[in-house]
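Trainee: Sequence:
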Amino acid sequence: MAGDVTQQLNTTAAKQREKNRQALHRIILALEFLGRLGLPLRGHRDSGTLLLPPTGTSVIDYTQGNLRATLRLMTACDDKVLREHLLTTGLRTTYISPQAQNELITAMGTVIQNSILDEVKQARFFPFWPTRQQMSLEKSSLQYAYGISAMGLFVSDSSASPRRQI
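Quick note: the sequence shown uses full-length UniProt numbering, first residue 1, plus one each step.
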């Protein structure tokens, strides 16, 4: 008898976790979309309950910010998972508060940074293109040390000497 109750509680918790993952995935997609466009997330009224429009009505509300407008658009386009999440969860568990946005952005930044670092670590050679300011400051020292120009160098992680681009 106790095993059945425990199993039912575990099954219910697993279903809720999966629903939360699906909703969080959609919110992350909205954050990624706005980030790729270089748009700000927040607006004048950015906290509190997100009022969802009835299906088939206008979704434009510029005062709540781009993230909230995007989520409203997604629910208006019949995203049932996101709509159910935003309507049924408590105010502190919707993942759209400014604090939650900051945490998600930080996590996304860490993932991007780690993927870039992995690519650099796996590459045997990688291009080194100094900025104009670095070139003016370091050009003479590079020419002195290696007798080459600062443009078009390839630096290898296996040796300390730079190699010319072929």
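These are calculated hints, taken from the structure and not from any lab test.
Don't take every hint at face value.
[Stated by the list, open to error] Have a look at the derived ranges for each label pair, beta carbon to beta carbon:
1) 89 - 9: 12 to 22 Å
2) 5 - 102: 33 to 43 Å
3) 123 - 11: 29 to 39 Å
4) 92 - 32: 30 to 40 Å
5) 91 - 119: 17 to 27 Å
6) 117 - 16: 47 to 57 Å
7) 33 - 89: 16 to 26 Å
Even for Gly, the Cβ is constructed at its ideal location relative to N, Cα and C.
Trainee: The structure should be examined with respect to each hint, and the outcome stated for every one.
Mentor: A quick look at each hint next to the structure:
1. 89 - 9: 12 to 22 Å: 19 Å, holds
2. 5 - 102: 33 to 43 Å: This hint holds: roughly 39 Å between Cβ atoms.
3. 123 - 11: 29 to 39 Å: 46 Å, violated
4. 92 - 32: 30 to 40 Å: 23 Å, violated
5. 91 - 119: 17 to 27 Å: 40 Å, violated
6. 117 - 16: 47 to 57 Å: This hint is violated: roughly 35 Å between Cβ atoms.
7. 33 - 89: 16 to 26 Å: Between residue 33 and residue 89, where Cβ atoms are some 22 Å apart, the hint holds.
Checked against the numbered hints listed earlier, the structure breaks hints 3, 4, 5 and 6; every other hint is satisfied.
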